[in-house]
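To convert, note that position 80 of the sequence shown is 80 in the numbering used here; the numbers rise steadily by one, no gaps.
Hints were generated in silico from the structure; no laboratory data involved. The model shown is predicted, which means the values in this text are computed figures rather than measured ones. It cannot be assumed that every hint is accurate.
[Said to hold, decoys possible] Okay, derived cross-link-like pairs now, DSS-like style, lysine-lysine, Cα gap no bigger than 30 Å in a straight line:
#1 K38 <-> K148
#2 K38 <-> K77
#3 K244 <-> K38
#4 K148 <-> K244
#5 K77 <-> K244
[Claimed, not checked] The calculated label-pair distances, taken between Cβ atoms and stated as ranges, are:
#6 G85 <-> E207: 39 to 47 Å
#7 E207 <-> D3: 41 to 49 Å
#8 G85 <-> A121: 42 to 50 Å
#9 A78 <-> R195: 39 to 47 Å
#10 R24 <-> H229: 36 to 44 Å
#11 A121 <-> G53: 18 to 26 Å
We put the CB at the ideal spot given by N, CA and C, even for glycine.
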Amino acid sequence: MSDDLGRAYAFLARADMAGERTERTRFGTAVYDDRVPKRYDSNYLIVETVPPGTTAEELAADARAHGRPMIFFRNEKAAEPLLDGFEALGWRLDRHVFMAQRGTVTREAPVDLVRELDADALRPARRRLIEDFPWARPDVLEQLHEAKHLIAARVDTRFLGIVVDGEVVAYADLYVEPPNAQIEDVGTLEEHRGRGYASAVVLHAAEEARRAGADFVFLVADAQDWPQHLYLRLGFEPIGRYVKLIGPGV
């Protein structure tokens, strides 16, 4: 594992994917946050060892025994032989890529439109972008919002947005703990896309992070979706990948 990748994982564990308690399990560590039990990224099993011959059924049973709805593999290669087994069990696969800003920015964006807001100001836009997903029940949406405040209590958090006609139309979160910083939860309302707003909030967040003393600025992108290609134009380069598996019926 590279130094940068290690820094990214360590920062996730302290900020966006931190819980309030942990328990050892057969294959790793179960993370819990009873304040937001329906948020997967606060309640999961992180796999730390996969002995030869381990089956998806055994890992799934370990997660179920500890009430964890998600399994997090830092080592994507270790997960690969098990994926067919998880698919047969009805688990959903999410692939993610870490990207660090260390390249050249080749895209212009209206950075001057970005302003710092608060978590509540971003809430309506966040809700609009995810409320049509089948898992986006009112109780889940409420806990996702509450998690923003919990993260802000752990690390310096900036909520950034672009406001048009009194409405937040694009946004991103910035978590800063120098020398590290993460840009997270980037979104633009569909009717306002194509105007460089997502690029603007990301570039502004990166500038803010560096002004605050961070020399390592990263984000996480869906490895199977288009935004990763936009982030390349904003100077972000892939540094590693991981896998999340979401249990059926959660």
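A quick look at each hint next to the structure:
For a cut-off of 30 Å, the pair hint linking K38 to K148 stands: about 14 Å separates their Cα positions. Pair hint K38 plus K77 holds up; C-alpha atoms about 28 Å apart against a cutoff of 30 Å. Between the alpha carbons of K244 and K38 the distance comes to roughly 16 Å, so the proposed pair stays at or under 30 Å and holds. The straight-line distance between the Cα atoms of K148 and K244 is roughly 21 Å, inside the 30 Å bound, and the hint therefore holds.
This hinted pair checks out: K77 and K244 have alpha carbons roughly 13 Å apart, not beyond 30 Å. Against the hinted window of 39 to 47 Å, the Cβ-Cβ separation of G85 and E207 comes to about 45 Å, which satisfies the hint. Evaluation of the 41 to 49 Å hint for E207 and D3 yields a failure: the beta carbon distance comes to about 23 Å. Remark: the range hint 42 to 50 Å for G85 to A121 is upheld by a beta-carbon distance near 44 Å.
One distance hint, 39 to 47 Å for the beta-carbon pair A78 and R195, holds here, with the actual separation near 41 Å. Distance hint check: the CB atoms of R24 and H229 are about 40 Å apart, consistent with the given range 36 to 44 Å. The hint said 18 to 26 Å for the Cβ distance between A121 and G53, and at roughly 51 Å that hint is violated.
The structure fails hints 7, 11 (numbered hints given earlier, in ascending order).
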